[in-house]
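A.B. asks: Spelled out, the chains give:
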Amino acid sequence: MCRFLVDETPIRVHTNLEHKGIPFPKDQAMGVYSSIWNADDWATQGGRVKTDWTHAPFIATYKDFEINACEVAVPVTSTENAKKCASSEDKKYWWDEPMLNELTIHQSHQLIWVRANHMVYDYCADTARFPAIPLECVRHHH
Amino acid sequence: MSSEGPNHNEFDFEFLGNTTGEPYSVQTNVYVNGVGNREQRLNLWFDPSKDFHTYSIFWNQRQVV
Chain A
1 MCRFLVDETP
11 IRVHTNLEHK
21 GIPFPKDQAM
31 GVYSSIWNAD
41 DWATQGGRVK
51 TDWTHAPFIA
61 TYKDFEINAC
71 EVAVPVTSTE
81 NAKKCASSED
91 KKYWWDEPML
101 NELTIHQSHQ
111 LIWVRANHMV
121 YDYCADTARF
131 PAIPLECVRH
141 HH
Chain B
1001 MSSEGPNHNE
1011 FDFEFLGNTT
1021 GEPYSVQTNV
1031 YVNGVGNREQ
1041 RLNLWFDPSK
1051 DFHTYSIFWN
1061 QRQVV
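Protein chains in written order, with this note's numbering: chain A, 1 to 142; chain B, 1001 to 1065.
Keep in mind the hints are simulated off the structure, nothing from the lab.
Misleading hints may appear alongside valid ones.
Below, computed lysine-lysine pairings styled on DSS-like, alpha-carbon distance capped at 25 Å [what the hints assert, rightly or not]:
no.	chain 1	residue 1	chain 2	residue 2
1	A	K20	A	K83
2	B	K1050	A	K83
3	B	K1050	A	K20
Label pairs and their computed distance ranges (CB to CB) [to be verified]:
no.	chain 1	residue 1	chain 2	residue 2	range
4	B	F1015	A	E8	34 to 42 Å
5	A	T61	B	N1033	31 to 39 Å
6	B	T1019	A	E102	38 to 46 Å
Beta carbons are placed, not taken as given, at the ideal position from N, Cα and C, and that holds for glycine.
Construct the complete structure from the given sequences, taking the supplied hints into account.
C.D. replies: Listed below in structure tokens is the structure:
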């Protein structure tokens, strides 16, 4: 599963539904990157508002990157990654703890709050763009 | 965060600027096997340019069954 959080508040959950035949990003090693770019062709009210370059320079500042992960050498095949980084009897990664796989009640409420009060776009609800609802968006109960 | 290659996977936090006084928004996206188009966007409940905040991605291989 994949969760996005802002200050510990979950804002998005992307669930691993491979048992339903839905691909999940799992087997490829990932790196963390940051960049700054001009997206005034789409990001600024659909590109209607253009960047005002008189305000330049535009600066984004990051600090305290923290990465907790299973480290892999590159290049290595995807299946090797998946095997090496899967928790097993003798090697347990904290992020694989079953209790972490579901939101706590409090987190569930936070996510509902975010979606109700702050979400302005969700591809899952964009039926003009996706007449057939994307598979991973179909509500699942378990 | 991203893997490499044409069939790459990716999880994105994208911070979208705005005209002065308007809320900043954060867009997230998920790429699976090179295909994205899974945008979600929200207006932040604070001004992200005023202070540092923690933006994190929790990712594991586990399925939800």
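A.B. asks: Which hints, by number, does the structure contradict?
C.D. replies: 2, 3 and 4
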